[in-house]
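As a plain string of letters, each chain reads:
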Amino acid sequence: MLCLGIESTAHTFACAVVEKNGKIHSDVRKIYRPPEGEGIHPREASRHHIESSTKVLVDSLQQARIKIKDLDIIAYAAGPGLGPCLRVGAVVARSLASYYKIPLYPVHHAIGHIDLGKLLTGAKDPLVLLVSGGHTMLLAFMKEKWRVFGETLDITLGQLLDQFGRSIGFASPCGKNIEELAAKTSTYIQLPYVVKGNDVSFSGLLSATKSISSQKEKACFSLQETAFAMISEATERALSFTKKKELMVVGGVAANKRLSNMLKSICKRQNCKFYVVPQQFAGDCGAQIAWTGLLEATAKKGSALENTFVRQSWRLDSVNINY
Amino acid sequence: MKLIKKGAEGDLYLTTWNKQKSILKVRKKKAYRNPLLDEKIRRQRTIKEAQIIVEAKSFGVDTPLIYLVDIKSCSIVMQHIEGTLVRDLSDSKLVRCCNKIGYIVGTLHKNGIMHGDLTTSNFILSKNKLVTIDFGLANKTSKPEDHAIDLRLLKEILGSAHVYIMKKTWASFLSGYKAIVGPTRLAQVTNLVSVIESRGRYATVV
Ligand SMILES: Nc1ncnc2c1ncn2[C@@H]1O[C@H](COP(=O)(O)OP(=O)(O)O)[C@@H](O)[C@H]1O
Ligand SMILES: [Mg+2]
Chain A
1 MLCLGIESTA HTFACAVVEK NGKIHSDVRK IYRPPEGEGI HPREASRHHI
51 ESSTKVLVDS LQQARIKIKD LDIIAYAAGP GLGPCLRVGA VVARSLASYY
101 KIPLYPVHHA IGHIDLGKLL TGAKDPLVLL VSGGHTMLLA FMKEKWRVFG
151 ETLDITLGQL LDQFGRSIGF ASPCGKNIEE LAAKTSTYIQ LPYVVKGNDV
201 SFSGLLSATK SISSQKEKAC FSLQETAFAM ISEATERALS FTKKKELMVV
251 GGVAANKRLS NMLKSICKRQ NCKFYVVPQQ FAGDCGAQIA WTGLLEATAK
301 KGSALENTFV RQSWRLDSVN INY
Chain B
324 MKLIKKGAEG DLYLTTWNKQ KSILKVRKKK AYRNPLLDEK IRRQRTIKEA
374 QIIVEAKSFG VDTPLIYLVD IKSCSIVMQH IEGTLVRDLS DSKLVRCCNK
424 IGYIVGTLHK NGIMHGDLTT SNFILSKNKL VTIDFGLANK TSKPEDHAID
474 LRLLKEILGS AHVYIMKKTW ASFLSGYKAI VGPTRLAQVT NLVSVIESRG
524 RYATVV
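Residue numbers (the numbering used here), protein chains in the order written: chain A, 1 to 323; chain B, 324 to 529.
Keep in mind that the hints were calculated from the coordinates and are not lab data. Keep in mind that this is a model prediction, so the values were computed, not measured. Where a beta carbon is used, it is the ideal one built from N, C-alpha and C, also for glycine. Be aware that a few hints might be false.
Calculated from the model, a selection of chain B residues having no Cβ within reach of chain A, i.e. all distances over 12 Å [unchecked claim]:
| id | residue |
| --- | --- |
| 1 | Gly333 |
| 2 | Lys353 |
| 3 | Arg356 |
| 4 | Ile364 |
| 5 | Gln367 |
| 6 | Asp385 |
| 7 | Ser396 |
| 8 | Ser398 |
| 9 | Thr430 |
| 10 | Asn445 |
| 11 | Leu453 |
| 12 | Ser483 |
| 13 | Lys501 |
| 14 | Arg508 |
| 15 | Asn514 |
Here are the simulated DSSO-like pairs of lysine-lysine, each with C-alpha atoms no more than 30 Å apart in a straight line [as the list claims (entries may be wrong)]:
| id | chain 1 | residue 1 | chain 2 | residue 2 |
| --- | --- | --- | --- | --- |
| 16 | A | Lys245 | B | Lys352 |
| 17 | A | Lys245 | B | Lys478 |
| 18 | B | Lys329 | A | Lys124 |
| 19 | A | Lys184 | A | Lys216 |
| 20 | B | Lys329 | A | Lys145 |
| 21 | B | Lys416 | B | Lys395 |
| 22 | A | Lys210 | B | Lys433 |
| 23 | A | Lys300 | A | Lys145 |
| 24 | B | Lys329 | A | Lys143 |
| 25 | B | Lys450 | B | Lys466 |
What follows is a set of in silico ranges between Cβ atoms, one per label pair, in the way DEER data are often shown [said to hold, decoys possible]:
| id | chain 1 | residue 1 | chain 2 | residue 2 | range |
| --- | --- | --- | --- | --- | --- |
| 26 | B | Lys490 | A | Lys257 | 42 to 50 Å |
| 27 | A | Asn21 | B | Thr464 | 52 to 60 Å |
| 28 | B | Asn514 | A | Met142 | 27 to 35 Å |
| 29 | B | Thr507 | A | Arg33 | 28 to 36 Å |
| 30 | B | Gln343 | A | Tyr188 | 38 to 46 Å |
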């Protein structure tokens, strides 16, 4: 069984072909880059996605050496995300599905991150740290849903890094630029550290870091040290509470080495296994959507065209999982 | 001295103090944290915990007796509380306990204290007395916004770890809390809980 996965929730337009046995036959993406120092403009991004869609789609089929007719199902990221961007993926998915009569599956973007993470790392029953553009959450699976054991009370870790990065002139996503600058110093400037139980709050940290941004390297270093230590502490609290024996990190920020190292260290203390999604699949991609689509297909039929929706805000812990 | 638990942040040892069975809680260095930051956090929390545990007792909230505080090693020696963690109770007992937790949290808030880590692993049920522990994240504050943070965390834990009986436990908590703080304050704080929730995971991306 082959699935085409289409991702278009934010910066990235991506298509991937994945097989039911977990083999990723192709994974093609194009990323919209807003001008330096600016945030993502939903309409600009959606225009980028429209312009990229044909080539990304064709490349993903070619690399997988298949034709559209060989596809058994199609999955698209139905949310959460930016409305205009989401609609591009949904339109492509609907057109293909109705023209070629292929069953269609709307997929929750963040659940895609988790499912693909489990496929690629082999984690069985992990506490999940999801650190992507739109989410900063600690989750564990219970009674047909991913339950939240901790999260940010305001902005996400991705937003924190992007908003600070943009204020010093980087183009988002800025995580990598910040990581590189941070590596050039080890001088720590004290910044607000706010952990509330298993939850964190980043807004105070963001404004305090902006106020020291003239010292770029030190600001980046101190921002990372503080924000990652907060996340690590919240994660350790959730591990200690849930008694899970595996931790899995997924989402774009999972690629950060410093964060991984901190998390490894807490896993050691809590006597638990550490898994991080491979860098190549940490960011938004079609494979995460395709794989969740395949999993859903084991439990239910495709959606009728009139039931294929997009949802800008869609809470992860409201999604029922039957596979 | 026997290590009995690795908590969320402290190492807990069973020890004796004046021939009494007691608990030593040590906040050890965390190697992953920048040393400056680490030192500050561990000290502050050790001091806060010791102070607020004592203060809470003064207005009738059951907490362990504090025997010794050593700021330098970030350790506290306290009374050992015999009993069961509320997290590990049966469902029906948990529902009843949540009512008591409501009284306790209401009393703390009324006296200007937020607990800061209201999970079910920070209450011990001991001979029909419910003892509150782990005040490391506690703060002196009367702001309804801060009290709402306490309620929200408890709600998050009841809605995840104990989701099967979430409705009952939450209602039971709220009725206890209301009995202490009154209906007006309850409405104010629970409204703020909804505000916080609408900022977090319910919010749209970017
Ligand atoms: N005074 C005490 N008596 C008995 N058990 C305790 C006591 N203090 C802590 N514990 C046990 O140790 C665990 C962790 O202690 P806690 O103070 O909550 O540390 P942490 O801040 O690391 O969570 C508690 O959940 C409880 O099981
Ligand atoms: Mg505790």
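Quick rundown of the hints versus the structure:
{"no.": "1", "hint": "Gly333", "result": "violated, 10 Å"}
{"no.": "2", "hint": "Lys353", "result": "violated, 8 Å"}
{"no.": "3", "hint": "Arg356", "result": "violated, 5 Å"}
{"no.": "4", "hint": "Ile364", "result": "violated, 7 Å"}
{"no.": "5", "hint": "Gln367", "result": "violated, 10 Å"}
{"no.": "6", "hint": "Asp385", "result": "holds, 21 Å"}
{"no.": "7", "hint": "Ser396", "result": "holds, 18 Å"}
{"no.": "8", "hint": "Ser398", "result": "holds, 17 Å"}
{"no.": "9", "hint": "Thr430", "result": "holds, 19 Å"}
{"no.": "10", "hint": "Asn445", "result": "violated, 9 Å"}
{"no.": "11", "hint": "Leu453", "result": "holds, 19 Å"}
{"no.": "12", "hint": "Ser483", "result": "violated, 4 Å"}
{"no.": "13", "hint": "Lys501", "result": "holds, 22 Å"}
{"no.": "14", "hint": "Arg508", "result": "holds, 20 Å"}
{"no.": "15", "hint": "Asn514", "result": "holds, 16 Å"}
{"no.": "16", "hint": "Lys245(A) - Lys352(B)", "result": "holds, 23 Å"}
{"no.": "17", "hint": "Lys245(A) - Lys478(B)", "result": "holds, 24 Å"}
{"no.": "18", "hint": "Lys329(B) - Lys124(A)", "result": "holds, 23 Å"}
{"no.": "19", "hint": "Lys184(A) - Lys216(A)", "result": "holds, 10 Å"}
{"no.": "20", "hint": "Lys329(B) - Lys145(A)", "result": "holds, 28 Å"}
{"no.": "21", "hint": "Lys416(B) - Lys395(B)", "result": "violated, 40 Å"}
{"no.": "22", "hint": "Lys210(A) - Lys433(B)", "result": "violated, 36 Å"}
{"no.": "23", "hint": "Lys300(A) - Lys145(A)", "result": "holds, 16 Å"}
{"no.": "24", "hint": "Lys329(B) - Lys143(A)", "result": "holds, 27 Å"}
{"no.": "25", "hint": "Lys450(B) - Lys466(B)", "result": "violated, 33 Å"}
{"no.": "26", "hint": "Lys490(B) - Lys257(A): 42 to 50 Å", "result": "holds, 43 Å"}
{"no.": "27", "hint": "Asn21(A) - Thr464(B): 52 to 60 Å", "result": "holds, 55 Å"}
{"no.": "28", "hint": "Asn514(B) - Met142(A): 27 to 35 Å", "result": "holds, 28 Å"}
{"no.": "29", "hint": "Thr507(B) - Arg33(A): 28 to 36 Å", "result": "violated, 51 Å"}
{"no.": "30", "hint": "Gln343(B) - Tyr188(A): 38 to 46 Å", "result": "holds, 41 Å"}
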